[in-house]
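Protein chains in written order, with UniProt numbering: chain F, 1 to 215; chain E, 1 to 217.
A few of these clues could be false.
What the hints assert, rightly or not - Derived lysine to any residue pairs resembling SDA-like cross-links, with alpha carbons at most 25 angstroms apart:
1. E:183 with F:148
2. F:116 with F:42
3. E:157 with F:148
4. E:183 with F:167
5. E:157 with E:47
6. F:84 with E:183
7. E:157 with E:11
8. F:84 with E:2
9. E:157 with F:116
10. F:116 with F:140
Claimed, not checked - Away from chain F, derived, C-beta distances all over 12 angstroms, residues of chain E:
11. 4
12. 7
13. 21
14. 27
15. 49
16. 116
17. 124
18. 134
19. 145
20. 200
Hints listed in this document are in silico derivations from the structure and should not be mistaken for laboratory results. Fair warning: this is a prediction, and the values are worked out from it, not measured in the lab. Every residue, glycine too, gets a C-beta built ideally from N, C-alpha and C.
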Amino acid sequence: MDFIGAYSSDNVLYMLEGFLVTIGVACIAIILSFLVACLLAVVRYARIPVLSQCTAVLVEIIRNLPLLLIIFFVFFALPQVGLKMSVFAAAIVALTIFEAAMVSEIIRAGLMSIDKGQIEAARSSGLSFIQTLRFVTMPQALRRMIPPMVSQFIALLKDTSLTVIIALPELMHNVQIVNGQSVNYIIPTYLFAALLYFIVNYALSMFARRLELRG
Amino acid sequence: MLDVSVLIGNWDRYMTGFGNTLAISVLALIGSFVIGTLFAVLRIAPNRLLNIIGAAYVEFVRNIPLILIVFLFYNGLPALHLNLNGFVAGTLGLTVYTSAFIAEAIRAGILSVPQGQTEAARSAGLTYVQTMRHIILPQAMRIVIPPLGNQFLNLIKNSSVLGVIAGLDLMYYGDLINLDTFKTFSVYIFVGMFYLILTIPMSFAVNALERRMARSG
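Kindly produce the complete structure, drawing on both the sequences and the hints.
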């Protein structure tokens with residue numbers, strides 16, 4: 001094992017660059033998936049005939065597939081039916097599809113946790129279904145969703161490493177490239193990557209725990 | 001678009017991958033259950049040092065990606081002159097990763113058993129280990145069943161990571177079939193279908209169990 005060689009400034013900078021890509025892609029994916037998930041959750045919550053059931057089936061299918069398969073499928077299989085994407089776009093699309101299904105369940109659970117009496121009160125004081133959702137249910141549900149959303153973001157940060165199979169230049173990919181220089185670098189670089197993931201995710205999980213205690 | 005001949009022509013390979021994915025998941029579940037129980041007990045043992053060891057393991061493993069752990073076993077160990085094939089390295093990686101989540105589930109289960117039971121057992125003369133073994137763990141396990149089901153579900157999905165290191169699972173066989181047929185779209189639709197055959201019933205069962213536990217309190 002060669003820690004000094006593995007941690008040369010070039011290598012460390014290159015790996016940190018990868019970690020920035022990991023964080024960037026995860027941030028974009030969580031924002032996009034939150035927007036898609038809001039739509040999915042509201043459609044299911046509103047009990048629109050046929051559409052709600054279709055959404056439920058779709059969400060269940062995606063949630064029960066391996067993310068690795070979805071990433072692989074988006075990048076390698078979709079071009080065969082005419083949908084060609086860059087590595088970066090494919091990574092974001094795949095992560096968004098998977099996370100949107102996960103997050104929609106968090107949002108739905110948040111919406112369901114709001115006391116029915118509040119909805120009845122809002123409706124009987126003349127608010128429409130949309131207004132009730134917008135001004136009464138959603139604001140409260142969103143606050144309750146914050147801790148599970150942070151946990152989901154931690155999962156996403158970890159899951160972003162799976163895009164290594166389509167060679168997105170994120171942390172795991174850059175670590176593998178550095179390892180190409182020497183067998184003696186493998187364990188030091190993996191430890192470095194593990195430490196980076198651990199520091200960020202542990203800090204986030206402490207933050208989520210504090211929010212939960214306060215909520 | 002969807003070519004059924006891919007499924008029919010490669011049925012044997014799909015079935016081998018399907019069986020291996022199931023075997024890997026079951027093996028990793030058993031392994032991670034054993035390791036998870038050990039670390040859960042360490043975390044609540046009446047000894048500060050053991051608590052720290054348990055917490056450090058769980059927090060560290062939980063917060064790093066699975067693929068990194070699998071790579072450590074598959075690429076990292078050969079650097080220490082210990083060669084493992086993809087199947088063994090992958091199953092070990094999955095076991096370590098899942099054990100941290102199972103440890104947390106079991107710890108929650110143990111903590112949900114009233115303190116009075118421990119006190120009663122201890123004052124009746126049982127040692128700490130005996131109390132755990134005969135009084136606390138059997139009761140905790142009942143509560144742990146639904147989260148354990150959830151972890152098994154995650155294990156089945158996570159086992160796809162073995163495809164990256166030639167771990168002989170469903171994803172790996174999908175890769176082989178893809179290289180033969182080049183019908184990527186159809187090949188992976190069927191791979192997905194086989195995963196769903198395992199995960200959808202499991203997910204319904206876990207939901208039903210959770211609802212039953214919630215009702216019975």
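Legend entry - Minimum Cβ distance from residue 49 of chain E to chain F greater than 12 angstroms, as the annotation requires: holds (20 angstroms)
Legend entry - Proposed proximity, residue 47 of chain E with residue 157 of chain E (alpha carbon, max 25 angstroms): violated (36 angstroms)
Legend entry - Pair hint residue 116 of chain F and residue 140 of chain F, alpha-carbon separation not exceeding 25 angstroms: holds (13 angstroms)
Legend entry - Distance rule for residue 27 of chain E, whose beta carbon must clear each one in chain F by more than 12 angstroms: holds (18 angstroms)
Inset, instruction - Beyond 12 angstroms from every chain F Cβ: check whether that's true for residue 116 of chain E. - result: holds (25 angstroms)
Legend entry - Distance rule for residue 134 of chain E, whose beta carbon must clear each one in chain F by more than 12 angstroms: Residue 134 of chain E clear of chain F: closest Cβ-Cβ about 32 angstroms, beyond 12 angstroms.
Inset, instruction - Below or equal to 25 angstroms on CA atoms is what counts here, so check residue 183 of chain E against residue 148 of chain F. - result: violated (39 angstroms)
Legend entry - Distance restraint between residue 84 of chain F and residue 183 of chain E, which requires alpha-carbon spacing of 25 angstroms or less: Distance of about 15 angstroms is within 25 angstroms: holds.
Inset, instruction - Compute the least Cβ-Cβ separation between residue 200 of chain E and chain F, then decide whether it is above 12 angstroms. - result: violated (5 angstroms)
Legend entry - Least C-beta distance between residue 124 of chain E and chain F, which was stated to exceed 12 angstroms: Since the minimum Cβ distance to chain F is about 35 angstroms, residue 124 of chain E lies beyond 12 angstroms and the statement holds.
Inset, instruction - Given the hint that residue 157 of chain E pairs with residue 11 of chain E, test it: the Cα-Cα distance must not exceed 25 angstroms. - result: Cα-Cα ~21 angstroms, so holds.
Inset, instruction - Take the C-alpha atoms of residue 84 of chain F and residue 2 of chain E, compute the straight-line distance between them, and say whether it is at most 25 angstroms. - result: holds (18 angstroms)
The structure is inconsistent with the numbered hints 1, 5, 9, 13, 20, although it conforms to all the rest.
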